[in-house]
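Peer 1: Take a look at the letters that make up each chain.
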Amino acid sequence: MDKLLKSLNLPSLGPSDESFEEIFEQLRLKYPEGEDPWGLNLERARTTLQYIWPLYQNYFKVRVFGKENVQDEPYMVTSNHSGQIAIDGMLISTAFAVEIDPPRILRSMVERFFTALPWVGTIAAEGGAVLGDRQNCLNLLSRGQSVLVFPEGVRGVAKNTIDFYKLQRFTRGFFRMSLTTQTKVLPVAVIGAEEIFPWVYHPRKLAKVLGLPALPLSPLYLPLPSPVDIIIGKPYSMPDLSPEAHDKEIDYHIDQIRNIIRNLTNEGLKNRRPFFANKKEGEE
Amino acid sequence: MKESDIKSVLIIGIAGGLAKITAGLLLKSFPHAKIIGVDSRPINPVIRHDNIEYRQMRYTRGNFEKLFRDKEFDAVFHLGRMSHADTSPIGTMEQRLDLNLMGTRRILDLCLKFAIKKVVILSTYHVYGALSDNPVFINEDHPLRASIKYPELRDVVEMDQIATNWMWKNQKDIETIVLRPCTIVGPQIKNTMTRYLVTPYAPVCADFNPMFQFIHEYDMASILRDSLTKLSTGIYNAATDECISLKAAKEILNRPTTPIPSFVLSSTAKLISTSFWRFPRYLIDYLKFACIIDNGLLKSQLGQDAFRYKTREALLLSKLD
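Those protein sequence lines, which keep their order, are chains A and B.
Numbering (my numbering) for the first sequence: 1 to 284.
Numbering (my numbering) for the second sequence: 1001 to 1321.
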């Protein structure tokens, strides 16, 4: 792989083997057995990360802003969802493993069908992904793990081109779980992932008839090298609220978090790098 | 149950390795208790002691009734669940249903009739099922989904349900413990999973690598012993804190594997299990998806040091065989 990349004369491949070794040295202290009950496998995670890293750095040219907002404590990392096939999740996880100190394996919550997929499900689990189940999430947070959630769900990732960067409704579950475990919510906005597949239409009724979660129609199924920015906001101050509080009380905070992510998104849209499929400002 | 109340104990399924170790521990912990071990299979009495008596007998109501009448037991261990792999492929379902369901029912009714103080029933974590959408750390309240996909596990699930329903119904009159252990390993244990683990070149799924918990036979026998005096009526998962992937477990045991895509493995499982190598079809799913159980409730009653061996140590020790 390294030889192939060198022959392509691409710019630097980012962290050297030594840096990766340093990162995983720190992670080994956290996972001394090299594995965890959710199927994480540090060695496999490292291999996967080393394959993803050139794409992260040279193809999607990811920039991370707000690293200083991340402290050495568990978070409920809460992001907008985009990019049709959840590439955003992969990029956020890579950022938290490689670019943020101390490195951490973010536990992405994945859809139920995903864990049943041969190879893909296992590779994802070995890299840290876990089934998006309430009990799973609570168990992870109570064991000091940071969890990555997309409260928009499939509605967020599977958007038509005209809806790009329009935040969908947030579900409440993630916030109730944060309250239960007293874990801070860390808002994150991802800019640029929408244009990885710039022209998409979702025939939702047909997808429903076929029993599919989404059916993206596009003239192009190759992920484009849209430059991606990951913007990390300040941790949301957790209120003194019961996890079983009424929806009305929860909704207030959900709206606050949604607004923070919307503001981060709008800021990011102003500063993004040129790419031919980018929407013009004010087009929203 | 007080220690002084334990004078006479019945162990059903004494031919099994776990039952023998449990009997040994009971003899040591309760030196004045008399133990009767029964089994329908031939018994190899490894423990010789004045306080233990072995009986090979058919599991009929008449035989059990006579035994209960003659011996006046204080506690009963039902460890005689018929495994899926030890039986002939012909007529297995009928035999298993009779023993696991009807047999369990008969034994429980006799326990009530003869005023037994404590009943301990060994179920299995298989009742939860190995499903792709299992959360990690399944607690005792989780639905038992094993028979949804595999009707051949019906008896295992129903036996557990018979026991737990009976337990709650009669909790005022009799203390009952239902234990759901993870895979038990050790030199004395010869179940389907341990045989699979030590078989060189046994197939593993190339596309899945589920996590497992392994409890050492000594730890499991200790839990069974302690359930007499330290556990109150209820259902308890019994598993270590640590987990290990199937492939890592095979590496620890130093057994090479044959990676095969799961769809090939599933389609050939039927053929394999009826010819040269018996491997229950439902176990293929346990080689694909994890079923990790939560031991919090058990540890809350037995203490944090309930386990002497960790998962990896349990595996290493079973290698000594």
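Hints were generated in silico from the structure; no laboratory data involved.
Glycine included, each C-beta is placed from N, C-alpha and C at the ideal position.
Take the hints with a grain of salt, since some may be wrong.
[As the list claims (entries may be wrong)] Listed below are the simulated DSSO-like cross-link pairs for lysine-lysine, each with C-alpha atoms no more than 30 angstroms apart in a straight line: (1) Lys30/A <-> Lys1149/B; (2) Lys1149/B <-> Lys1028/B; (3) Lys1034/B <-> Lys1172/B; (4) Lys30/A <-> Lys1319/B; (5) Lys1071/B <-> Lys1113/B; (6) Lys1113/B <-> Lys1190/B; (7) Lys1002/B <-> Lys1066/B; (8) Lys208/A <-> Lys1149/B; (9) Lys1149/B <-> Lys1007/B; (10) Lys1028/B <-> Lys1002/B; (11) Lys1247/B <-> Lys1172/B; (12) Lys1113/B <-> Lys1247/B; (13) Lys30/A <-> Lys1028/B; (14) Lys1299/B <-> Lys1002/B; (15) Lys1117/B <-> Lys30/A.
[Claimed, not checked] Pulled from the structure, derived: some chain A residues nowhere near chain B, Cβ distances all over 12 angstroms: (16) Glu22; (17) Gln71; (18) Cys137; (19) Thr161.
Peer 1: Compare the structure with each hint and give your call.
Peer 2: Hint check results:
| no. | hint | verdict |
| --- | --- | --- |
| 1 | Lys30/A <-> Lys1149/B | 37 angstroms, violated |
| 2 | Lys1149/B <-> Lys1028/B | 43 angstroms, violated |
| 3 | Lys1034/B <-> Lys1172/B | 26 angstroms, holds |
| 4 | Lys30/A <-> Lys1319/B | 28 angstroms, holds |
| 5 | Lys1071/B <-> Lys1113/B | 14 angstroms, holds |
| 6 | Lys1113/B <-> Lys1190/B | 34 angstroms, violated |
| 7 | Lys1002/B <-> Lys1066/B | 26 angstroms, holds |
| 8 | Lys208/A <-> Lys1149/B | 25 angstroms, holds |
| 9 | Lys1149/B <-> Lys1007/B | 43 angstroms, violated |
| 10 | Lys1028/B <-> Lys1002/B | 16 angstroms, holds |
| 11 | Lys1247/B <-> Lys1172/B | 46 angstroms, violated |
| 12 | Lys1113/B <-> Lys1247/B | 48 angstroms, violated |
| 13 | Lys30/A <-> Lys1028/B | 40 angstroms, violated |
| 14 | Lys1299/B <-> Lys1002/B | 20 angstroms, holds |
| 15 | Lys1117/B <-> Lys30/A | 46 angstroms, violated |
| 16 | Glu22 | 24 angstroms, holds |
| 17 | Gln71 | 26 angstroms, holds |
| 18 | Cys137 | 9 angstroms, violated |
| 19 | Thr161 | 32 angstroms, holds |
Checked against the numbered hints given earlier, the structure breaks hints 1, 2, 6, 9, 11, 12, 13, 15, 18 and satisfies all the rest.
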